[in-house]
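Please take these sequences and the hints and turn them into a complete structure.
Numbering (the working numbering), first residue to last: 1 to 228.
Hints are not guaranteed to be accurate.
[Unchecked claim] Restraint ranges, calculated between C-beta atoms of paired labels, are given here:
| hint | residue 1 | residue 2 | range |
| --- | --- | --- | --- |
| 1 | Lys77 | Ala17 | 40 to 48 Å |
| 2 | Leu151 | Met191 | 21 to 29 Å |
| 3 | Lys33 | His116 | 25 to 33 Å |
| 4 | Ala35 | Ala102 | 43 to 51 Å |
| 5 | Ala29 | Phe154 | 21 to 29 Å |
| 6 | Ala35 | Leu94 | 24 to 32 Å |
The hints are simulated quantities; they were obtained by calculation from the structure and are not laboratory data.
By construction, the Cβ of each residue, glycine as well, lies at the ideal position given by its N, Cα and C atoms.
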Amino acid sequence: MGAEVATANMTASQLYAALKRDLIDGRFAAGQKLAITALRQRYGVGLSPLREALNRLAAYGLLEQENQRGFRVPALKRAELDDIADLRRRLEGLALTQALQAGGDEWEAGLLAAFHRLKRADETPGQLEHWEQMHLQFHRHLLEPCGSAWLLRFIEQLHDQFDRYRRMAPANDTIRERLNVQHGQLVELAMARDVPAARALLEEHIRLSHEVARGACQEDRTRVEERG
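Have a look at this one:
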């Protein structure tokens with residue numbers, strides 16, 4: 001009864017967003033089979049909105065559906081991550097080129113504001129989730145004026161898939177410091193409308209993030225353990 005009452009306080013869309021966030025954050029283990037009863041208790045929802053949300057997440061690629069036998073969290077595979085990172089470099093490079101050609105004064109002001117919010121979040125210890133939100137907003141705003149809603153939609157899906165790996169990987173403070181410096185450099189190049197340099201830096205930015213995210217893959221963890 002309690003679960004059904006709680007359903008009134010969480011729509012299927014809200015449940016979808018909550019589950020999506022938890023999957024990207026790594027709150028469910030890679031390869032884990034999701035139990036419907038446990039999910040209903042965890043989120044306080046009824047069966048209908050839960051199934052709707054799970055089906056949407058499977059269509060989005062954050063869950064795998066097992067022939068009417070339920071849902072499973074996808075494994076973390078090196079080949080898949082490499083493919084995602086390669087597509088990010090290509091599509092975000094294209095979007096950045098178009099954004100720098102089309103962005104106006106309002107976009108520049110918004111980009112500066114997004115960068116300063118990200119910088120403040122980075123300087124505030126113990127606020128990882130807030131930093132993640134500011135980081136996502138910065139990259140969204142950087143590409144926003146590219147003029148293609150479809151391109152931005154594909155990039156957002158790739159970001160979500162990529163972040164599932166990145167958040168499960170061991171921290172690398174050295175690379176993170178380099179990535180944080182690159183955010184400021186990206187802003188400077190964007191303001192100067194230096195398309196070749198900005199695109200090259202964004203590709204390097206994704207490459208460094210990719211290097212960190214590989215640590216989530218079982219193949220890479222095994223190599224590290226063998227060297228250790």
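How the hints compare with the structure:
| no. | hint | verdict |
| --- | --- | --- |
| 1 | Lys77 / Ala17: 40 to 48 Å | 26 Å, violated |
| 2 | Leu151 / Met191: 21 to 29 Å | 22 Å, holds |
| 3 | Lys33 / His116: 25 to 33 Å | 43 Å, violated |
| 4 | Ala35 / Ala102: 43 to 51 Å | 47 Å, holds |
| 5 | Ala29 / Phe154: 21 to 29 Å | 27 Å, holds |
| 6 | Ala35 / Leu94: 24 to 32 Å | 41 Å, violated |
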